[in-house]
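Enquirer: Sequences are here, hints too, so could you generate the full structure?
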Amino acid sequence: MKEIRFRLIIILGAIALSLYLLYPTFQDFQNNKEVGKKLESLSDSIKKSNPVISSIELKEFIQNKKDSILTSNPNYKSARDKRVKLGLDLQGGMYLVMEVNTAKLLERLAKDPDEQFKQLLKEAERETKLSEENVVTILARKMQAKKIRLSRYFGSIREDDADIQNRLLEQESDAVTRAIEIISNRVNQYGVSEPSIQKQGSRRIIVELPGISREEEAKRLLQGRALLEFKLLKDPEFAIPIMNRIDEVLAAKDSSSKTTPVDSTKQLTEEEFAKQHPFFSLARLIDPKGSMADVFVKKSDRETVNNLLNRPEVLKVLPDNVEFIYEAKPEIAEGVEYYRMYMVNKQAELTGGVIVDAQSNIDPTTSAPIVTMQMNAEGSREWARITGSNIGKRCAIVMDGQAYSAPTIQNKISGGNSQISGIPNLDEAKLLEIVLKAGALPAPIDIIEERTVGPSLGQDSISQGFNSMWLGYLIVAIFMIVYYKKAGTMADLGVIVTILLILGILAGFQGTLTLPGIAGIVLTMGMAVDANVLIYERIREELSTGKTVKAAVESGFKHSFSAIFDSNITTFFTGVILYQFGSGPIQGFALTLMIGIAASLFSALVLVRVMFDFMIHKGYKIQVG
Amino acid sequence: MRLFENLNIDFMSKRSLFYLVSSVIITLGALSIIFRGLEFGIDFKGGSEIGIEFTNSIEISQVRNEVEKIGLGNVEVKTFGGSTGVLLRTELQEIPQNILPNVKSKIENIISNTIPGVQKQITDSTNNSITYTFQDDETTDKIYERLNQTGFQTIRLNDNENKNTLVVRLGISDWIKETLSEKFADNPFTVLKEEKVGPKIGSELKRDAVLAVFLSLVVILIYLGFRFKFIFAVGAVAALFHDVLITLGIFSVLYGMIPGFNLEITTSVVAAFLTLVGYSINDTVVVFDRVREYLKIHKTLPLEETMNRAINRTMSRTIITGLTTLLTVFVLMVFGGEVLKGFAFALFIGILTGTYSSIFVASAFVLEVATRTNKKVQF
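From first to last, the protein sequence lines stand for chains A and B.
The letter at position 516 of the first sequence is residue 516 when you use our numbering, and the numbering goes up by one with no holes.
To convert, count from 1 in the second sequence and add 625; that's our numbering.
Please keep in mind that the hints were generated in silico from the structure rather than gathered at the bench.
The structure presented is a predicted model; accordingly, all values stated were derived computationally and were not measured.
Don't be surprised by glycine CBs; every beta carbon is placed ideally from N, CA and C.
Among these hints, one or two may not hold up.
To be verified - Derived list of chain A stretches under chain B, where covered just means 3 residues or more per stretch with a C-beta under 8 Å from a C-beta of chain B:
| no. | stretch |
| --- | --- |
| 1 | 111-122 |
| 2 | 284-297 |
| 3 | 386-399 |
| 4 | 470-481 |
| 5 | 524-537 |
What the hints assert, rightly or not - Taking lysine-lysine pairs in the DSS-like style, the calculated list, with each CA pair at most 25 Å apart, reads:
| no. | chain 1 | residue 1 | chain 2 | residue 2 |
| --- | --- | --- | --- | --- |
| 6 | B | Lys767 | A | Lys65 |
| 7 | A | Lys618 | A | Lys485 |
| 8 | A | Lys547 | A | Lys558 |
| 9 | A | Lys199 | A | Lys129 |
| 10 | A | Lys298 | A | Lys77 |
| 11 | A | Lys66 | A | Lys38 |
| 12 | A | Lys104 | B | Lys825 |
| 13 | B | Lys825 | A | Lys142 |
| 14 | A | Lys37 | A | Lys47 |
| 15 | B | Lys670 | B | Lys729 |
| 16 | B | Lys788 | A | Lys219 |
| 17 | B | Lys788 | B | Lys808 |
| 18 | A | Lys47 | B | Lys767 |
| 19 | A | Lys275 | A | Lys346 |
| 20 | A | Lys48 | A | Lys37 |
| 21 | A | Lys66 | A | Lys82 |
| 22 | A | Lys66 | B | Lys788 |
| 23 | A | Lys558 | B | Lys854 |
| 24 | A | Lys65 | A | Lys299 |
| 25 | A | Lys219 | A | Lys199 |
| 26 | A | Lys219 | B | Lys924 |
| 27 | B | Lys921 | A | Lys219 |
| 28 | B | Lys788 | A | Lys47 |
| 29 | B | Lys825 | A | Lys199 |
| 30 | B | Lys831 | A | Lys129 |
| 31 | B | Lys966 | A | Lys219 |
| 32 | A | Lys37 | A | Lys82 |
| 33 | A | Lys142 | A | Lys111 |
| 34 | B | Lys924 | A | Lys316 |
| 35 | A | Lys346 | B | Lys788 |
| 36 | B | Lys924 | A | Lys558 |
| 37 | B | Lys788 | A | Lys199 |
| 38 | B | Lys854 | A | Lys219 |
| 39 | B | Lys729 | A | Lys129 |
| 40 | A | Lys547 | B | Lys788 |
Expert: Rendered as C-alpha cells:
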C-alpha cells in the first residue's frame, strides 16, 4: 500500500500541475468572452453615433480595442501570457517567409562594379532561383570560370577567394540579424500581439503576425527601410518649464482646484500628488532638481501618457518644433519596467543614410563600452558643423521613432569618425551598433512565401478540431469498455489524463497548438490505448495459463514493457524528425505527437498500473473482458 | 469480449501469396505514379491560392467559366469544404504584364464610379501595388471602403501626413476577387485564406520531405538493429517502405476520382507519411518482440513456427489497436474539416497497409532471408 501511495502522489501531482498550468487558458477564454460582450455594446453605440462607419473599419476598430484591452489590463494579460498559444491556422493571421536579397547586397558591397560584374551577378541571380545554391557561391564559381578573382570587387588583394567568399556569406547572415532587429522593433511598435520572428538558416526570416490579414500592411511593416535620425535633446532649462505647463493645464482640466507648481511639493500623499500633477505623477523626472529633463514612464502608463500628450490643451502649450520620444528598451527598477522619455527637436539634424559603418568596442583608456561610427564625406561635414555648435548638448540616436541612446556631445567631431560613449554595458553597445548599421542596411528583403488565414477559417478549424476530439474519444472509450469491461474503463480514464497532460505540458512550455496539433491529440487517443491493449492482451494470456490474477497482472505488465518501449521510442524518433523538418502547423503536430507518446506511456504504465494494484490490494474483482 | 482467441493460422507458408498481393498493388501504384503522376499542393508547386466562402451554395462550373475569362491562363477551381466554399489556384505569382493595364483601368473605374470627377493623384505605381492620394478625409474613406468591397485589398496609411493615401494591391487574388464579386453580386463571399508560395520553396520542401522520410527510416533501422538483430531491422524497414509506396500509389490512383476529396501531396500529407512510418513500426515491433521472446524460450523450434505463433498470439492486439486508431482517423477525415482531410486519408490508408505489412511482410521478409542464407536467428 505504501508503494501505491507514493505513485499516487506522483500521479495526483502531475494532474494538479496540468490543471494549474491550464488555468490561465481557461481564464483567458472567460476574459475573452467577457470583453467580447462588453465590446458588443460599444460596437452598437458606435454604429448609432456614426452610421456611415464602414463595416471593415468597425471590425478592425473592435478587434484592436479587444486586443489592447486584453494585453494592457494586467489581470487579463497575465492569463493571456500563460495560456496555450494558438497557431496562426487557428486564430487567423499572416505567415511570411522572407529572404535577404543577396544579389542586391553584393551589388552594394562591391567596389566599382563594372558591366561585366553586373552581368555575372544577374546570371547568378537567375540561377539561384532555380537551384538551391547561394548567389555568393554561384557568383564565385562564375568568376573563377572567367579567371576573375573575387578580390577584384570585394575585400583586399591579399585575401584569397575562399576567405572573401566566407566573409560575404557572413555579411549576408549579418544582414538577416539586423533585419530581424528592425522588424521586431516595428512589429512591437505597431502593436501586433504575440508576433513571432525567427531566423531560419543563414538568410531567411520567418514572421508570424496574428491578426494581420492584409499584405500591404505587412509589407510596410516588414520591408520599408529603417529610418535612423539624430535629434538634439532640449535643454532642461527649456524642457522642464514646458513640462510644468503641461502638468498645469492637465491639472486644471481634471479638477477645478487650484494647482501648485511642481517645486513646491512638500509632503503630499500619492493620491493628492497624482491629482495635482497628472503629468509628473505618471512621467517622473529622473532628477527632481532639474539637471536633466529625462522622465521615466512605467510601461503600463505609456498609453495613458500618450493620450494625455495628445489632448488639445496640451498640444496648445507644446511648441510646434518639439516632440517626446521614448527609449526603445525599458529599464527595470524594482521589477517594474520603465521607459525613459526625452523631449527632442522635431526636425532631425542628420539622418542615417550618411552612416557607412559602425563598430562596438571597449575604450582602451577608460575601459568603458563605446560605439564608433563612420560617415560618408557629406555626412562628416554636416556632423562636424552640428557637433561644433552644440558642444555640451545631448543628441538622441533615433530609429523608427524610438531613441536608442542620448549621449552628450563632448567636442567637435570632424572627419566623420565619431564615437558614442556613456553606454551602460557592452550588450547595449552591440545593440547600438546594430541599430546604426541597420540604418545603412543595404539589402532589401524579399517575401518568398506568404500565407494568410482569415479569422473565420480559424474559428471553423477550432470547432472542427474540438468536435473531432470529443467524438474520437467517445468512440474509442465505448470500444474499450465493450471489449475490456472494467479494465477498459480504466484505460479510458488513462486517456483523459493523457489529454490533460498533453495540454498542460503545452501550456507549461509555451507550445503552440495548431490544427494538425489537435489532429495529433486525436490520433494519440487512438494510439494511446495501444499500450493498454498490449498489457491487457498479455494479462489475458497469462490468466489463460492458469496464473492468479495478481501474478497475471504482474507478468502482464512486465512482459509487455519491452514491446511498448521499443515501439513508442521509434514513433518518438519520427516525431523529432518531423519537428526538425516541418514548419508552423506541422511542428505543432510533431509537438503534440511527441508529448502524447510520453503522456500516454505515463498513463498506461503508471496510472493504470496503480489502479490495478489498488484493486488487487482491496480484493476487488478484475475484469479484463 | 474476445476476438481471435486461440488463433492458429499458418501465415508463413502462405507468404508467396502475400508477396504477390503486395507486388501487384505496388506495381499498379508505381505505374500510376509514372504515368498519371502525383498531384502536388501549392506548398510544393508554388503559385497563388485563394479560398473563399460564398453566402449561398454555388456551382463550381459557373465560377470556373467566369475565372477563365480574366486572362490568368489556367486557374484550377475546386470545392473547398462544403458547397459554398471554392478554392482557386494558379501557378502565377503575380498578375502578368499584359493584363496589368486592364486591372489598373478597372481600379480607375471603381474610383470614378464611387465619386465621379474626384481629384486624385497616383503617387506610386509598381507591378504589385498602386498608390493614390486624395484631397480629403471623406473621399478617401469612401473609396477605401469601396475598393475593399470590390475585392482589391487596400490599406490606408495611418501616419498623419499621408492619411489620405491609399495603397491598392494588384495581386492575383485581388483580380479574382474583383471578378467574382462583380459576377456574383447577389451571393457575397468572404475570404477564408490566401497563400502565395515562391517556386524555390517548393523544390526545397520536396527535398526536405524526401529527406525526412528517409532519415526516419534510417533512424529506425539503426535503433532496431541495436535492439533486435540487424536482419529484423531490415525486415521492419522493408515493411515501412512497402507501406509508404502503397499509400503514395493510392494517392496517385485515386487523385481526382473521389468527389470532394483533394488528394494532393501537401506538407501535412508528408507529415502523415512520417506518422504512418511511426505507427506502422509499432505493429512490426510488437510482433518482433514476441518472436524475440519465443526464440529465447524455445530455442529448438524452427523460425517459421516461432513466427507463426508470435503473429497469432499478437493478432488480437494488432487488430484492436489498428481498429481504435482507424476509428479516430476516420473521425478526423469526416469531421476535421478540409485542412485535415488529405492528412487523415493518408493515415487511413497507411494504417491499413501498416497493419497488413507488419503481419505479412516484415516477418516473411526476415524468414525469407534467414532460410535463403541458411542462418540461424538467435537472441
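Enquirer: Against this structure, judge whether each hint is valid.
Expert: Evaluation of the provided hints:
Restraint check on the stretch 111-122 of chain A versus chain B: 0 residues with Cβ-Cβ distances below 8 Å, three needed, restraint violated. Check result for the stretch 284-297 of chain A against chain B: violated, 0 residues qualifying (beta carbon to beta carbon below 8 Å, three or more required). Three residues within the 8 Å Cβ limit are the bar, and the stretch 386-399 of chain A against chain B gives 0, so the coverage statement is violated. Under the rule that three or more residues need a Cβ within less than 8 Å of chain B, the assignment of the stretch 470-481 of chain A holds, with 6 such residues.
A stretch counts as covered by a chain when three or more of its residues have a beta carbon under 8 Å from one of that chain; for the stretch 524-537 of chain A and chain B the count is 8, and the coverage holds. At roughly 23 Å between alpha-carbon atoms, Lys767(B) and Lys65(A) fall within 25 Å of each other, so this suggested pair holds. This hinted pair checks out: Lys618(A) and Lys485(A) have alpha carbons roughly 19 Å apart, not beyond 25 Å. This hinted pair checks out: Lys547(A) and Lys558(A) have alpha carbons roughly 14 Å apart, not beyond 25 Å.
Restraint check for Lys199(A) and Lys129(A): satisfied, since their Cα atoms lie roughly 20 Å apart, inside the 25 Å limit. For the given pair, Lys298(A) sits about 16 Å from Lys77(A) by alpha-carbon distance, which is consistent with the 25 Å threshold. The suggested pairing of Lys66(A) with Lys38(A) holds, with an alpha-carbon distance near 10 Å, which does not exceed 25 Å. A threshold of 25 Å between alpha carbons decides the hint, and for Lys104(A) with Lys825(B) the separation of about 18 Å falls inside it, so the pair holds.
Taking the CA atoms of Lys825(B) and Lys142(A), the gap is about 21 Å. The hint holds against a cut of 25 Å. A distance of roughly 16 Å separates the Cα atoms of Lys37(A) and Lys47(A); the hinted pair therefore holds under the 25 Å criterion. Restraint check for Lys670(B) and Lys729(B): not satisfied, since their Cα atoms lie roughly 28 Å apart, outside the 25 Å limit. For the hint linking Lys788(B) to Lys219(A), the alpha-carbon distance of about 17 Å falls within 25 Å, and the restraint holds.
Pair hint Lys788(B) plus Lys808(B) does not hold up; C-alpha atoms about 32 Å apart against a cutoff of 25 Å. Only pairs whose Cα atoms come within 25 Å are accepted, and Lys47(A) paired with Lys767(B) is accepted, the gap being roughly 16 Å. For the hint linking Lys275(A) to Lys346(A), the alpha-carbon distance of about 30 Å lies beyond 25 Å, and the restraint is violated. A hinted pair counts as satisfied when its Cα atoms are at most 25 Å apart, and Lys48(A) with Lys37(A) qualifies at roughly 17 Å.
For the hint pairing Lys66(A) with Lys82(A), the CA-to-CA distance comes to about 18 Å; that is within 25 Å, so the pair holds. The suggested pairing of Lys66(A) with Lys788(B) holds, with an alpha-carbon distance near 24 Å, which does not exceed 25 Å. Of the pairs offered as hints, the one joining Lys558(A) and Lys854(B) holds, with about 22 Å between alpha carbons and a cut-off of 25 Å not exceeded. Taken as a hint, the Lys65(A) and Lys299(A) pair is honoured in the structure, with Cα atoms around 18 Å apart against an allowance of 25 Å.
Only pairs whose Cα atoms come within 25 Å are accepted, and Lys219(A) paired with Lys199(A) is accepted, the gap being roughly 18 Å. The suggested pairing of Lys219(A) with Lys924(B) is violated, with an alpha-carbon distance near 70 Å, which exceeds 25 Å. With a CA separation close to 66 Å, the supplied pair Lys921(B) and Lys219(A) exceeds the 25 Å bound. Between the alpha carbons of Lys788(B) and Lys47(A) the distance comes to roughly 23 Å, so the proposed pair stays at or under 25 Å and holds.
For the hint linking Lys825(B) to Lys199(A), the alpha-carbon distance of about 18 Å falls within 25 Å, and the restraint holds. Distance check on the hinted pair: Lys831(B) and Lys129(A) sit about 15 Å apart at the alpha-carbon level, within 25 Å; holds. A threshold of 25 Å between alpha carbons decides the hint, and for Lys966(B) with Lys219(A) the separation of about 32 Å lies outside it, so the pair is violated. A hinted pair counts as satisfied when its Cα atoms are at most 25 Å apart, and Lys37(A) with Lys82(A) qualifies at roughly 23 Å.
Distance check on the hinted pair: Lys142(A) and Lys111(A) sit about 18 Å apart at the alpha-carbon level, within 25 Å; holds. Proximity of Lys924(B) to Lys316(A) is assessed by CA-CA distance (about 98 Å); at most 25 Å being required, the pair is judged violated. The suggested pairing of Lys346(A) with Lys788(B) holds, with an alpha-carbon distance near 19 Å, which does not exceed 25 Å. Restraint check: the Cα-Cα separation between Lys924(B) and Lys558(A) comes to about 21 Å, which is no more than 25 Å; the hinted pair holds.
A threshold of 25 Å between alpha carbons decides the hint, and for Lys788(B) with Lys199(A) the separation of about 33 Å lies outside it, so the pair is violated. With a C-alpha separation of about 56 Å, the suggested pairing of Lys854(B) with Lys219(A) is violated against the 25 Å cut-off. Pair hint Lys729(B) plus Lys129(A) does not hold up; C-alpha atoms about 29 Å apart against a cutoff of 25 Å. A C-alpha spacing of about 84 Å is found between Lys547(A) and Lys788(B), which places the hinted pair above 25 Å, so the restraint is violated.
Checked against the numbered hints listed earlier, the structure breaks hints 1, 2, 3, 15, 17, 19, 26, 27, 31, 34, 37, 38, 39, 40; every other hint is satisfied.
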